[in-house]
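Novice: If you read the protein sequences in the order shown, they are chains H and S. Residues in the first sequence are numbered consecutively from 1, following the numbering used here. Residues in the second sequence are numbered consecutively from 292, following the numbering used here.
I should point out that these hints are in silico values taken from the structure, not numbers from a laboratory. The model shown is predicted, which means the values in this text are computed figures rather than measured ones. Be aware that one or more of the hints could be misleading.
[Said to hold, decoys possible] Restricting the straight-line Cα-Cα distance to at most 35 angstroms, the calculated cross-link-like pairs of lysine-lysine (DSBU-like) are:
(1) S/Lys792 x S/Lys676
(2) S/Lys676 x S/Lys814
(3) S/Lys600 x H/Lys174
(4) S/Lys824 x H/Lys174
(5) S/Lys814 x S/Lys613
(6) S/Lys824 x S/Lys792
(7) H/Lys174 x S/Lys560
(8) S/Lys814 x S/Lys824
(9) S/Lys792 x H/Lys174
(10) S/Lys676 x S/Lys600
(11) S/Lys824 x S/Lys725
(12) H/Lys174 x H/Lys256
(13) H/Lys174 x H/Lys278
(14) S/Lys613 x S/Lys676
(15) S/Lys613 x H/Lys174
(16) S/Lys600 x S/Lys622
(17) H/Lys174 x S/Lys676
(18) S/Lys560 x S/Lys824
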Amino acid sequence: MSCGPAACTLPLPKARPSIRLTSGGRFGLAVLGLVCVLALAAPLVCGHSHRQATGTPLAAPDRHHWMGTDELGVDLWAQVCFGARVSLIVGAGTALMAGFGGAAVGILAGYRGGWTDRLCMRLIDILLVLPDLPVMIVLAAFLGPSVGTIIVVLSAFSWVFTARVVRSRVLSLKQRRYIQASESYGAGVWYLLRRHFLPEIFPLASVGMIRLAGRAIVAEAGLSFLGLGDPTSRSWGMIIHHALGFRGIYYTDYWKWWLLFPWLALTLVVTSLALLGKDLEKAADPRVRTH
Amino acid sequence: MLAVKDLSIIYTGVRPHVPAAMNISFSLAAGESLGIIGESGCGKTTLALGIMGLLHGADIRGSIMFQGRELTTMTSARRRTFRWRNIAMVFQNSLEVFNPVITIGEQLTEPLCTHLGLSPKAAHQRVAELLALTGLDPRWQTGFAHQLSGGMRQRALIAMALGCEPDILIVDEPTTSLDPESRQAILDLIETLQRRLGFAMILISHHLPAVQRLTSRLMTMYAGRAVEYGITAGILRNPLHPYTRGLINAAPDFFPFKDLWGIAGAPPKPGTVEGCAFAPRCCQAGHQCTRQRPELAAVGVERRVACHKGGIETVLQAIGVKKSYRLGERKVPALNGVSLNVRKGEVVALVGPSGSGKSTLAHILVQVVAADAGEVLFCGRPVHKYTATSMMNGIQIVFQDPGEAVSHRFSVLDAVREPLDIMGWQDRPRRDRKAVDALGAMHLPISPDFLSRTCHALSGGQRQRVAVARALVTDPAVLVADEITAMLDPSTQAVMLRELKAQQHERGFSMLFISHDIHLARKIADRVYVLDKGSIIEHGAVFEVLGGSIHRHGRTNYCGHV
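Isolated chain H, as found in the complex (with noise of 0.2 angstroms):
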């Protein structure tokens, strides 16, 4: 208790808490940097374009098209590693916008109490019994098929979660003795942002951007698959939209491999974001980390 400067050379726990991941989330880690690595390496691993054909159409996997071609002739390693891309700013500015915004709603909502707080849960309410995807269809439909309006759509549909996640935590939060130590010092709302709310809800944010981007994925693809996607670009979900679109789909077995690539791909991305999230979850949580 009363050790002096002296006495307290002793072990000491480290001042943060360290994240410590499980296998699934290192591997999951693993395979997020190496999608990230090839994504922005494109030009660099792939010996083929992404655009043009450089070899017989519908190859299977070989030497020189280690994943086949699709009916063009086009390599789809190339086309692979180009969709991440697509996928990955698909991915994280939708976990973006609507993370902070969710956020931005969720501490507003919670702080403020009241009339706020009422209109923002039952807009909330509106948009989780709102069937999703239908919407989305009819949105992407009239704004046009480009990426941009991918996220800002995706986003529209996914901040609820956040702000939900973070409401309860601010509320919570609000009740605490030293907040309201804190605003009986005379804290202002920045203050209390900056000092006590934000540290406490990055890491829940965080693990919610986590989900909003698995989910931001496979509904891009999902999108892209309906045909309403960005034509121009070719990510995972619009290569799987071309493979089966294809109408030789019947008279040849290579077309397979022109869907088996993208979906892997696809799969592969979505559950390493869903181990990494849930170990973060962990370490979120206050009473799951290790003191």
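Fit chain S to the supplied structure of chain H, relying on the hints for placement.
Specialist: Below, chain S without anything else, positioned relative to chain H:
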């Protein structure tokens, strides 16, 4: 009978001169008794000797009127006729009072022969009577001073003083160094003698129960000056000068369960301080106090206080506070018109069973919760949302739960510095230093390593200390401690409360100590409020409400049902 007016006694035999008693005024009617209290060296005995006319090498100014005759201007020969005959003194008990080589009997006979002109035989007879009167076997006449016990010597001293049947008896510390039984016997004796002989009395004593029992009026002296004067019972129940309160609060006879804490600091040498002599030790000293000396002024019926602030100030006041909580359709009353006040520098306990509304009241006082009705005043001004808590020298609260006391993400230094950051007090290095000082005051380590530790890595006791340090960093005038040790183990609790009390004692802030534990309240508090079902059912000094040794009537039954 005796009227002392503006009496000043200055010892001129030493350089610089020592003004041992200054501007003392009081009057004493026949049969009345006046108590004089004060720390050692405050001029009590000097005053007594001055009235007796036994001081040499002292300059005496002002007037002492005895039965219409001025004593100060009399020749010493004429004065001697009054001494012993009319004004007698029971000296402070010690071996040196008596001549060690002359028997007690002879020493008692001497004034009888000189003043009353009795023959040796008659005087001898009278001494035997006197000794019997004071409960001492007349055979002890032949004894020497060193052969008598302390109690017997005290009786002999009283007998000597009463020899000439004086009109006024000055008794100087009659019970010091006596065991409780003899002390009681001596007090009984003085009381019966006064009733029987009807003399007026000036009692100088440190022993407050003696003063309480034997005197009707009381004067507190500090550094040679009277700082409070009034009716004994009134002063002891409700002292108005911080010094008088300090004396009473330090008395184990009144607060048998409380930890011993005297008045912080030491009295100055008389005459060395400009302004109020008590200012350096006072919890409410202001600018005026250090510059100008306060005069003894009337502040109420039969009460005079020498204080620029007119006595101890009230710092926190709740008037008719009401609060009810809504529980579905039902309204659950939590407080039904509670009023309390906390004065400067005192520890007030608010006790009551769980659910009596203690915490609600605490939260209303710091405005974390809004009251339905009633008012909270801080230094006489109404408190609006956080006005009193968001300033230096304001009100601060420490909450019950150490787990919630500080943010678990903050480092220790950040947590303690937070109030200063929010209030924008001075600059960063000074805030850091102040925070480190506050941590040091609560006996927390101040190594860089500890300062940068996050609060979640602290134990409950440490966290609560950090919370207390955080409250103290703003130098609050009032600290509201809401069950701060309820979740700690007894040892941690004891250590922490002692440290907190030490801080309170040193800095002189007021504390509202909220607890359901009356034993703790008795240990730490000066006054107590008992809250039950949202109403104050009792309040007063701790010894009155929660029981003490001489006030066993303990009016409350709170002790019973907890």
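Novice: Sort out which numbered hints this structure fails and list those numbers smallest first.
Specialist: Per hint list: 3, 7, 11, 12, 16, 18 violated.
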